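Since the structure of chain A is provided, determine the placement of chain B on it from the hints.
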Amino acid sequence: MERVSKIFSYGKIRTETAFKRTLVIIALVMVVITLGIFITLVVHAMPSIKALGFSFFWSRTWDPVSNVYGALPFLVGTLLTSFLALIISVPFSYAIAIYLGEYKPSGWLSGLLKNIVELVAAVPSVIYGFWALVVLVPIVRALEAKLGVATYGVGIFTSSLVLAVMIIPYAASLGRELIRMVPSALKEGAYSLGATRYEVLKHVILPYTKSGLFAGMLLSLGRALGETMAVTMVIGNTSIMPKSIFDPGNTMASVIANEFTEADRSVYLAALIELALVLFLVTVLVNILGKMIIKRFSNE
Amino acid sequence: MESTIVSSRNFNAYFGTNHVVKNVSMDIPKNNIIAVMGPSGCGKTTYLRCINRMHELIPGASVQGEMLLHDEDLYSLNPILVRLKIGMVFQRPNPFPNLSIYDNVIAGYKLNGFKLSKKERDEIVEHSLQKAALWNEVKDTLHKKGTFLSGGQQQRLCIARAIAMEPEVLLMDEPTSALDPISTSSIEELMHELKKNYTLVIVTHNMQQAARVSDKTAFFFLGELVEYNDTREMFINPKDSRTQNYITGRFS
Chain A
1 MERVSKIFSY GKIRTETAFK RTLVIIALVM VVITLGIFIT LVVHAMPSIK ALGFSFFWSR
61 TWDPVSNVYG ALPFLVGTLL TSFLALIISV PFSYAIAIYL GEYKPSGWLS GLLKNIVELV
121 AAVPSVIYGF WALVVLVPIV RALEAKLGVA TYGVGIFTSS LVLAVMIIPY AASLGRELIR
181 MVPSALKEGA YSLGATRYEV LKHVILPYTK SGLFAGMLLS LGRALGETMA VTMVIGNTSI
241 MPKSIFDPGN TMASVIANEF TEADRSVYLA ALIELALVLF LVTVLVNILG KMIIKRFSNE
Chain B
1 MESTIVSSRN FNAYFGTNHV VKNVSMDIPK NNIIAVMGPS GCGKTTYLRC INRMHELIPG
61 ASVQGEMLLH DEDLYSLNPI LVRLKIGMVF QRPNPFPNLS IYDNVIAGYK LNGFKLSKKE
121 RDEIVEHSLQ KAALWNEVKD TLHKKGTFLS GGQQQRLCIA RAIAMEPEVL LMDEPTSALD
181 PISTSSIEEL MHELKKNYTL VIVTHNMQQA ARVSDKTAFF FLGELVEYND TREMFINPKD
241 SRTQNYITGR FS
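Read top to bottom, the protein sequences are chains A and B.
Take the first sequence: its position 299, counting from 1, is numbered 299 in the UniProt record's numbering, and each next residue is one higher.
Take the second sequence: its position 82, counting from 1, is numbered 82 in the UniProt record's numbering, and each next residue is one higher.
Isolated chain A (complex conformation) (with noise of 0.2 angstroms):
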């Protein structure tokens, strides 16, 4: 009874509430610093939104000098690059996740592949940028020529081509886990009834793990959307309607990074804002659909 009464004090009490309180507040700055990004977005768009309201949606010119804004050539460039890129990268991070998480998780190839991976997502974006510019673009130029279509070299495809480099250690890293995870003793109860590697893989192992490799997909995708330096350096900055995937054009975030200096006028900078609002708001929402589908995945 002695010994609990000079153990026990209330000064540790209140170390453990105010500790719990310090955590609190400082998850509350995240939130309230999310929630600020929005407000202000919205706030410097609205000169925007009031002058242009729904045709900055569906108007396909975009020209500042006569004072035009419409913002549908950037909306079709961003969605047709960050879905090319995944389409692109989707063998590429799958396959990776398989072979590390399931057919070599160790050794010195597994080894050196699992670093590269994840320094590939570690590497400055202006890098990449500076890699497809000077590699890239020459080969597309090539392919183009072959194609007979116009040989710009930078475009909407040599963009998608750099952003599914640099976003296949999203999508295989996640699966790498996940394939990982899947329980031993479901693989081994399909080894027992005589499968090989590969029915483990198509009949365990992904369907086990499909809502979470669809995760990936969309961390991936979340990524490409966003990225701006790579895609600014090879898209071919033109505001025009993209006609095919070998035309060059811009996306929400390269039209940004590229103009955001020259917005000389209220509504210019206003416009400029109200893309990075639209891009915010398609991120979330990917992210959000992400979350939906996954929900009904693992309800099933």
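Hints in this document: simulated from the structure, not taken from any laboratory.
Among the hints, a few may not be true.
[As the list claims (entries may be wrong)] Reference excerpt, derived from the structure (chain B facing chain A, CB under 8 angstroms, subset only):
(1) 63
(2) 88
(3) 110
[As the list claims (entries may be wrong)] Taking lysine to any residue and the SDA-like style, the derived pairs with C-alpha atoms no more than 20 angstroms apart in a straight line are:
(4) A/187 / B/109
(5) B/144 / B/98
(6) B/145 / A/186
(7) A/210 / B/100
[Stated by the list, open to error] In silico negatives: residues of chain A with every beta carbon more than 12 angstroms from chain B:
(8) 8
(9) 65
(10) 106
(11) 116
(12) 139
(13) 146
(14) 178
(15) 208
(16) 228
(17) 256
All values reported here derive from a predicted model rather than from experimental measurement.
Think of the CB as a built atom: it goes at the ideal place given N, C-alpha and C, for glycine as much as any other residue.
Just chain B now, kept in the frame of chain A:
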């Protein structure tokens, strides 16, 4: 005279440099229940997993010696073929969570990409579930997920899944250790039924279970096969002092 179906000759198994099964030679007679018992870490599960070549799935695992199925060396056959001939039931019931009861039973065919007609599928499902003494309990809920069943039912579903492939030998790795006493006794009854068509090798850490269900018992200790005899004989009159100590509970 009973005929031998599986036999090992000077068989050794390793995890890396760790020697876990040491020089084991034993003959397993057809249509018998063989209990493999021994304290934790004695190599009994590893030995079982060598019979259908599951041991080698673990990185660094290796084996040495002969393991024969009808005088044919299992380790010269393709492991997939071996596993089709020798089925397995695991310690914890592991039905596939994304499949219905029906699809779990024919999972082996699906996994192997073997096409069956609707009639054949229905027949295999009913036949296997009946043999696993589960048919009456699930015949109206065949298209529900297998994971909705109780632990004991799930284990019988796993037995049905294994015997749907019509293996010659059924290996069971402590099949009742995760189950309650009632489920355990129903699985034990089932073993007696299954013996008519299959040869069963059961790993158990439960001596009473070995005594209740098996025809022959193998006692493993520190990776060695200490004693292998008719179950009754072994429990009444153990030859080796280590066996005697184990069955009288002097160590476990």
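(message) Let me make sure I understand: some of the numbered hints might not hold for this structure. Which ones are they, in numerical order?
(response) Numbers 1, 10, 15 - these are the hints that the structure violates, sorted from lowest upward.
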